[in-house]
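**Student:** Single-letter residue listing:
Protein chains: 2
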Amino acid sequence: MDVAVLVEAKARAARESATALALLPTRVKNDALLQMAHGLEEEATRILDANRLDLDRARSAGLTRAFIDRLTLSEPRIGDMAAGLRHVAGLPDPVGETVEVWRRPAGFDVARVRVPLGVIGFIYESRPNVTADATGLCIKSGNAVVLRGGSEALESNTAIARVLARAVEKAGLPVDAIQYIDTPDRAAVMRLLTLDRYLDLIIPRGGEEFVRLVTERATVPVLKHDKGLCHVYVDEGADVEMAVAIAVNAKAQRVSVCNAMETLLVHAGIADVFLPAVAARLAQAGVEIRGDARARALVPAMQPATDQDWDTEYLDYVLAIKVVDTFDDAVAHIRRHGSGLAEAIVTSDIRRARRFTQEVDAAAVLVNASTRLVDGSVFGMGAEMGISTSRLHARGPVGVRELTTTKFVVWGDGHLRQ
Amino acid sequence: MDVAVLVEAKARAARESATALALLPTRVKNDALLQMAHGLEEEATRILDANRLDLDRARSAGLTRAFIDRLTLSEPRIGDMAAGLRHVAGLPDPVGETVEVWRRPAGFDVARVRVPLGVIGFIYESRPNVTADATGLCIKSGNAVVLRGGSEALESNTAIARVLARAVEKAGLPVDAIQYIDTPDRAAVMRLLTLDRYLDLIIPRGGEEFVRLVTERATVPVLKHDKGLCHVYVDEGADVEMAVAIAVNAKAQRVSVCNAMETLLVHAGIADVFLPAVAARLAQAGVEIRGDARARALVPAMQPATDQDWDTEYLDYVLAIKVVDTFDDAVAHIRRHGSGLAEAIVTSDIRRARRFTQEVDAAAVLVNASTRLVDGSVFGMGAEMGISTSRLHARGPVGVRELTTTKFVVWGDGHLRQ
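Line by line, the protein sequences give chains A and B. Numbering-wise (this note's numbering), the first sequence opens with residue 1 and increments by one. Numbering-wise (this note's numbering), the second sequence opens with residue 419 and increments by one.
Warning: the hint list may mix true and false statements.
What the hints assert, rightly or not - Short, incomplete list of chain A residues facing chain B, as computed with Cβ under 8 Å:
#: 1; residue: Val99
#: 2; residue: Trp102
#: 3; residue: Asp200
#: 4; residue: Ile246
#: 5; residue: Ala363
#: 6; residue: Ser377
#: 7; residue: Phe408
#: 8; residue: Gly412
#: 9; residue: Leu416
Said to hold, decoys possible - One side only, chain B facing chain A, incomplete, derived with CB under 8 Å:
#: 10; residue: Phe485
#: 11; residue: Asp618
#: 12; residue: Leu631
#: 13; residue: Thr633
#: 14; residue: Thr637
#: 15; residue: Gln776
#: 16; residue: Leu784
#: 17; residue: Ala787
#: 18; residue: Ser788
#: 19; residue: Leu791
#: 20; residue: Ser795
#: 21; residue: Gly800
#: 22; residue: Gly814
#: 23; residue: Thr824
#: 24; residue: Phe826
#: 25; residue: Gly830
Unchecked claim - Sample of chain A residues with no beta-carbon within 12 Å of chain B, all distances over it, derived:
#: 26; residue: Glu43
#: 27; residue: Ala58
#: 28; residue: Ala106
#: 29; residue: Arg162
#: 30; residue: Leu201
#: 31; residue: Val257
#: 32; residue: Ala277
#: 33; residue: Ala280
#: 34; residue: Asp316
#: 35; residue: Phe327
No lab work stands behind these hints, which were simulated from the structure alone. The beta carbon of each residue, even a glycine, is placed where N, CA and C say it ideally should be.
Whole structure, please, built from the sequences with the hints as guidance.
**Tutor:** Given below as structure tokens:
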């Protein structure tokens, strides 16, 4: 079948299931999530067989060890996917929630009530566990989903999506609510982006360039999940021990994620004490440091940083360090180079803490806390589809509530416009 | 100057003013709004002179009386614009509002705080008063604005925008916060749509086709304000007097607006009583009725409706009427032909009222109330930029709050990711 026709047929099928899905009682959706979890465990062998095909191909193609690790499924990893779905079943249902309600002087009531977005297109990297995680969040929030994972995970994702679709059908949901675009053809993705007749939202996860392409081509609204160039600024007078702990955690707790720190900014007034201490701890954690001239004067072991470093999202055991003269210089650097995801200050000064939260524009700003905390689960919002760097609709972690919209419901008694 | 260069320069200037604008205290923004109001009154003569140039051109071009009426300014209309700005000054400031805040078990606090969107591109029809109304809402919400009104109002809008920019400057705001694209060249609009480096949102007001074009071309996120094909469904057993009053109000109180009713659906069980009554009242109001065969059997004076009528937004003294056999038929008709703006039911049955609010998917659903109530001011949300038919971010009336986004603010005490 022609790719464009295939994609359109899947998107239309998802759309046609959306009305029924939006009206489901919470208990039916939760039952579907439990069935999905059960299905994954029951069909684990079949899913692992499919995964083996992907892995063989990935090894032949000479993909990196880190890539292959993310692609690999195992009994325990499938168990984690099932546990994740059961966790989502236990989350509160955002659909039907009355966000606010008020009575107008004329005597009619206006309510704002949460409803599903409708059909969500989700484009993501080659991590098959994400297929189950994302589908669970969509079903919980009453949305149909059209999935398209990285082509290296095609066999695994197709197998998982099939198990999930069969499970929701068993629970009485439309089987068409879960669609997987099972062709490696990139034209399929391009087609999906313009199906605004059927899709209400596209969430693209991936590199900056890919997200840029999606934004340019899409007529469907997009929630961007792109670059995370995060800073930690260590202010003059900060608690040095706390600053070291936060810097090491923000950089090295996990390096390949969007909320990891990429550049450390240090006030000149604390650099002589703080830099040697943090450099030693970062070296222990295996982090390579690239410093500006003033940082290297204090810790000569650093590599020299170039201008390019201030704009580089390493996603690796590499960190850029810059010494700044003032709070304002730090804020100006972040404004110029930050990607608007997560920015942190370590300070003891309440006034500068408040100024930082107001003057730095990002999805999340943190005072005396690691940028790594910016996460749906850590924030207590349940699981997440990712972290949005868009300003519209949802900014920051995207959980089940962010997959809904609202409608106004007016209750009158013959009320007219005067 | 080249149009593309001109537009880009204005958008960049707006962007550069946005940071300062976002940090303004409420009292300074309110002072700017009062200065804007004062400026309009003080410069009324100059504005009316500019308006006369537009009106002369419109008359030479043979534009309709209704069009020229919307284009016409007068001392009282300028007074209304000033009064509107003073009203916005009195509204609560959405910026800085803490939407929610919670403490995580680990002991850090997570807050969601409202901040301005940044720079808003607003493309609208040839009604010069809208220039002041929209600018007021943007300034109140701490946003810079790039305006582009219908080219027939170019002289009026340029004069108004100049007065407003000078007024905000007097109040200590950046003069660049208010930009008007003062070229009739359509290429200017097309350029604006792809300036996502500088703009955070485009709000296009206009016909369905124009909004469609904007959606296709824009890389900037779009809040659609397009078609309003609204229905009123009169259920079996409804209060006939109430149903007549709501139908007449929804159709004829003002016909040229998106929340006016375009199709009236009537349950077969009430048609014989309701239709003659409503037809008489609509005729008095000067409304032409196009009915299906069953409606015409009861009120022979109706014109016959064709299939095209069910999809036509008349914006005129014309109404289509259809008799349906069941509640489900009414809901199915609305799903198929409605534009998702405002849909109303008139009923005495609580169960069907509840089902209607759940099963009909629109920005606003109303029970025993006129579709004309769907309006920011009537809802008590203050003035509005328009009514969004988008599902993302803001659905329904767009007031000052809808021109903001949120950021997460985390307060910790050395908290790390475990």
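**Student:** Take the hints in turn and mark each one as holding or not.
**Tutor:** These are the hints, each one checked on the structure:
{"no.": "1", "hint": "Val99", "verdict": "11 Å, violated"}
{"no.": "2", "hint": "Trp102", "verdict": "7 Å, holds"}
{"no.": "3", "hint": "Asp200", "verdict": "5 Å, holds"}
{"no.": "4", "hint": "Ile246", "verdict": "7 Å, holds"}
{"no.": "5", "hint": "Ala363", "verdict": "6 Å, holds"}
{"no.": "6", "hint": "Ser377", "verdict": "11 Å, violated"}
{"no.": "7", "hint": "Phe408", "verdict": "4 Å, holds"}
{"no.": "8", "hint": "Gly412", "verdict": "3 Å, holds"}
{"no.": "9", "hint": "Leu416", "verdict": "4 Å, holds"}
{"no.": "10", "hint": "Phe485", "verdict": "23 Å, violated"}
{"no.": "11", "hint": "Asp618", "verdict": "5 Å, holds"}
{"no.": "12", "hint": "Leu631", "verdict": "11 Å, violated"}
{"no.": "13", "hint": "Thr633", "verdict": "5 Å, holds"}
{"no.": "14", "hint": "Thr637", "verdict": "5 Å, holds"}
{"no.": "15", "hint": "Gln776", "verdict": "6 Å, holds"}
{"no.": "16", "hint": "Leu784", "verdict": "4 Å, holds"}
{"no.": "17", "hint": "Ala787", "verdict": "3 Å, holds"}
{"no.": "18", "hint": "Ser788", "verdict": "5 Å, holds"}
{"no.": "19", "hint": "Leu791", "verdict": "6 Å, holds"}
{"no.": "20", "hint": "Ser795", "verdict": "10 Å, violated"}
{"no.": "21", "hint": "Gly800", "verdict": "13 Å, violated"}
{"no.": "22", "hint": "Gly814", "verdict": "5 Å, holds"}
{"no.": "23", "hint": "Thr824", "verdict": "6 Å, holds"}
{"no.": "24", "hint": "Phe826", "verdict": "4 Å, holds"}
{"no.": "25", "hint": "Gly830", "verdict": "3 Å, holds"}
{"no.": "26", "hint": "Glu43", "verdict": "33 Å, holds"}
{"no.": "27", "hint": "Ala58", "verdict": "29 Å, holds"}
{"no.": "28", "hint": "Ala106", "verdict": "8 Å, violated"}
{"no.": "29", "hint": "Arg162", "verdict": "29 Å, holds"}
{"no.": "30", "hint": "Leu201", "verdict": "6 Å, violated"}
{"no.": "31", "hint": "Val257", "verdict": "10 Å, violated"}
{"no.": "32", "hint": "Ala277", "verdict": "15 Å, holds"}
{"no.": "33", "hint": "Ala280", "verdict": "18 Å, holds"}
{"no.": "34", "hint": "Asp316", "verdict": "18 Å, holds"}
{"no.": "35", "hint": "Phe327", "verdict": "15 Å, holds"}
When held up to the earlier numbered hints, the structure conflicts with 1, 6, 10, 12, 20, 21, 28, 30 and 31 and fits the remainder.
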